[in-house]
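Protein sequences, first through last, are from chains W and S.
Following this note's numbering, the numbering of the first sequence begins with 1 at its first residue and continues without gaps.
Following this note's numbering, the numbering of the second sequence begins with 1 at its first residue and continues without gaps.
Keep in mind the hints are simulated off the structure, nothing from the lab.
Note that the structure is a prediction, hence the values are computed from the model and not measured.
All C-beta atoms in this analysis are idealised placements derived from N, C-alpha and C, irrespective of residue type, glycine included.
A couple of the hints might just be wrong.
[Said to hold, decoys possible] Distance ranges between label pairs, derived from CB positions:
(1) W:8 / S:9: 29 to 35 Å
(2) S:41 / W:14: 25 to 31 Å
(3) S:26 / W:58: 16 to 22 Å
(4) S:108 / W:84: 20 to 26 Å
[As the list claims (entries may be wrong)] As a list, the in silico DSSO-like pairs of lysine-lysine whose alpha-carbon atoms are at most 27 Å apart:
(5) W:11 / W:71
(6) W:11 / S:36
(7) W:78 / W:62
(8) S:100 / W:71
(9) W:78 / W:11
(10) W:11 / W:83
(11) W:62 / W:44
(12) W:44 / S:36
(13) S:36 / S:70
(14) S:70 / S:100
(15) S:36 / S:100
(16) W:44 / S:51
(17) S:100 / W:44
(18) W:15 / W:78
(19) W:62 / S:100
(20) W:83 / W:62
(21) W:15 / W:83
(22) W:44 / W:78
(23) W:78 / S:100
(24) W:83 / W:44
(25) W:44 / W:15
(26) W:11 / W:62
(27) S:70 / W:44
One letter stands for each residue in the lines below.
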Amino acid sequence: EAGVAQSPRYKIIEKRQSVAFWCNPISGHATLYWYQQILGQGPKLLIQFQNNGVVDDSQLPKDRFSAERLKGVDSTLKIQPAKLEDSAVYLCASSLAAQGTQYFGPGTRLTVL
Amino acid sequence: GQQLNQSPQSMFIQEGEDVSMNCTSSSIFNTWLWYKQDPGEGPVLLIALYKAGELTSNGRLTAQFGITRKDSFLNISASIPSDVGIYFCAGTSSTGTASKLTFGTGTRLQVTL
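Using the sequences and the hints, build the whole thing.
In structure tokens form, the structure reads like this:
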């Protein structure tokens, strides 16, 4: 069974530019999560989707971050405009149901210069 | 917000030694999970604990869910080089139909031959 896929794996941009990340969850998984992992810290939840609806986005900086999962399958996370402190690994995870085990993708490492 | 403190932050051990790390929280969690993260990869679930006082083993790994539901420990016996990585504890708390995962600060394990 294929795992959670993410692209790109690495991205380098300058501050104030825009960037988008893509995630394809494990087939059949209804719940999808985006996490931000700053170097030396544990992952922090940004947003959680149940199918194509948002369940929890309380820690998403909505002035610059947005995410969508229009068809309830793959998802995109966008940052516009990026700041230096957005440099981090962005992890996508999925689970069969909201209470289920979360499986993580390899992440996208973002560097903002 | 909820915080999970892990200790130690990092440790160097010799191959064959046993390892112990723990995690404490200021809040009660419904479940405790232990993940391992290798460089360039997302976290992988090692052990899940569902009840206060529960002691669970997975091969050379043993973990316990504290009676107060505010702490957990992970032991690794007879460490081998592939045990190198960052170990994260995580606690889940329910918010309606959602299950929120809060990660600890991580313990970096390095094994010398």
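- Task: Please write out, lowest number first, the hints stated earlier that are contradicted by the structure.
- Result: Structure breaks no hint.
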